[in-house]
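Asker: Given next are the chains, with one letter for each unit.
Number of protein chains: 2
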Amino acid sequence: MRLRLLTGNPGKLAELQAALDGLGVEVVQDDRGYPEIQADTLEEVAEAGAGHLLATGIEPPFVLEDSGLFVDALEGFPGVYSRYALDTIGNEGLLRLLAGVPEPERTASFRADLCYIDADRGVHHFAGACPGRIAEAARGSGGFGFDPVFVPDGEPSGRTFAEMDLAAKNRLSHRGQAVEAMKAYLGKAANR
Amino acid sequence: MRLRLLTGNPGKLAELQAALDGLGVEVVQDDRGYPEIQADTLEEVAEAGAGHLLATGIEPPFVLEDSGLFVDALEGFPGVYSRYALDTIGNEGLLRLLAGVPEPERTASFRADLCYIDADRGVHHFAGACPGRIAEAARGSGGFGFDPVFVPDGEPSGRTFAEMDLAAKNRLSHRGQAVEAMKAYLGKAANR
Numbered sequence: 210m211r212l213r214l215l216t217g218n219p220g221k222l223a224e225l226q227a228a229l230d231g232l233g234v235e236v237v238q239d240d241r242g243y244p245e246i247q248a249d250t251l252e253e254v255a256e257a258g259a260g261h262l263l264a265t266g267i268e269p270p271f272v273l274e275d276s277g278l279f280v281d282a283l284e285g286f287p288g289v290y291s292r293y294a295l296d297t298i299g300n301e302g303l304l305r306l307l308a309g310v311p312e313p314e315r316t317a318s319f320r321a322d323l324c325y326i327d328a329d330r331g332v333h334h335f336a337g338a339c340p341g342r343i344a345e346a347a348r349g350s351g352g353f354g355f356d357p358v359f360v361p362d363g364e365p366s367g368r369t370f371a372e373m374d375l376a377a378k379n380r381l382s383h384r385g386q387a388v389e390a391m392k393a394y395l396g397k398a399a400n401r
Numbered sequence: 210m211r212l213r214l215l216t217g218n219p220g221k222l223a224e225l226q227a228a229l230d231g232l233g234v235e236v237v238q239d240d241r242g243y244p245e246i247q248a249d250t251l252e253e254v255a256e257a258g259a260g261h262l263l264a265t266g267i268e269p270p271f272v273l274e275d276s277g278l279f280v281d282a283l284e285g286f287p288g289v290y291s292r293y294a295l296d297t298i299g300n301e302g303l304l305r306l307l308a309g310v311p312e313p314e315r316t317a318s319f320r321a322d323l324c325y326i327d328a329d330r331g332v333h334h335f336a337g338a339c340p341g342r343i344a345e346a347a348r349g350s351g352g353f354g355f356d357p358v359f360v361p362d363g364e365p366s367g368r369t370f371a372e373m374d375l376a377a378k379n380r381l382s383h384r385g386q387a388v389e390a391m392k393a394y395l396g397k398a399a400n401r
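Chains A and B, in that order, are what the protein sequence lines are.
Per my numbering, the very first residue in the first sequence carries number 210; after that it's consecutive.
Per my numbering, the very first residue in the second sequence carries number 210; after that it's consecutive.
Mixed in with the good hints there might be a few duds.
It does not matter which identical chain is used: a pair holds within one copy or between any two.
Unchecked claim - The list that follows gives simulated cross-link-like pairs (lysine to any residue, SDA-like), each with its CA atoms no further than 25 Å apart:
| hint | residue 1 | residue 2 |
| --- | --- | --- |
| 1 | Lys221 | Ala248 |
| 2 | Lys397 | Pro313 |
| 3 | Lys221 | Asp374 |
| 4 | Lys221 | Gly363 |
| 5 | Lys392 | Leu381 |
| 6 | Lys221 | Gln247 |
Source of the hints: derived by calculation from the structure; they are not laboratory data.
Hey, can you work out the whole structure from these sequences and the hints?
Answerer: Laid out in structure tokens, this is it:
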């Protein structure tokens, strides 16, 4: 099967290719843009994008990916608008919003959604979530986005994502979990 | 002419009706929803919504309205995502983001866009902007949204929008300006 991944990010392409390689799935990059709607959930954003792509003639199967950081004390902000928040208020702004909020209330999660449209236009969502906490200050220079302020649960040394190497981060990451869920589904589908 | 206004807000309907009444334009409310995309400008959001409505069979002419608060020190945040920011971080969050920012750097503007699709599917934008500053603390109980933290320029007493009565606010407001611009355009068009 030849599967389009809608992304401008070669790193995401490589990750999905590596995961699906053993299933006989050839993942190819499709970097056409599509509108992202304003909505409360990643699933809604991805599904509306998929609908737009189908209406404008894309050939399924294809996959969209969306992810974001959801901070509990901020009612889920910045959520589906994480990229915009990063470009405007940045890590510093997020820390300001949480100034004085004690550690137990600084819970947050990185979430990812892979929206897979199969050859029959069936819609499938594969979700991943990495729970954690917002640090008191930005730390580390790896990763990207809000990685310097996010401390994942299950990381005994309390490192932020930006202080971890890629392999360690991928073991915990929301996107890796979503990719694994999709891989499991396609593996089962191939054996039916 | 019968003109649909896409809104769920009876206040906005009444405002446009009052403005266009003398031009023989009957403004009717159309409360069907439409997707708002993630974009940098109000114009892009409105125009994408209009395209969706046309594609799904709405009969022009119609008008969409979008507005937001753009804070200069925050690279325009919350901008087109003002409603989401209000529902999550609120006025308190906005004040936190600007903590320690001195008064001359607290400039901001409320902006509105009316996107008018005429009977021939021509697209017209009518913009309004109200420059001002973000106050050091929320004040007043009138208005809605970010009104309690916004001090418009040209208000010598330094009141926030939430401390002004509706008539005083409307004289300065972004939405009122956009409505006036649309009225002027339709008035000229009627006399051609």
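Asker: Return the numbers of the hints above that this structure violates; sort them in rising order.
Answerer: 2
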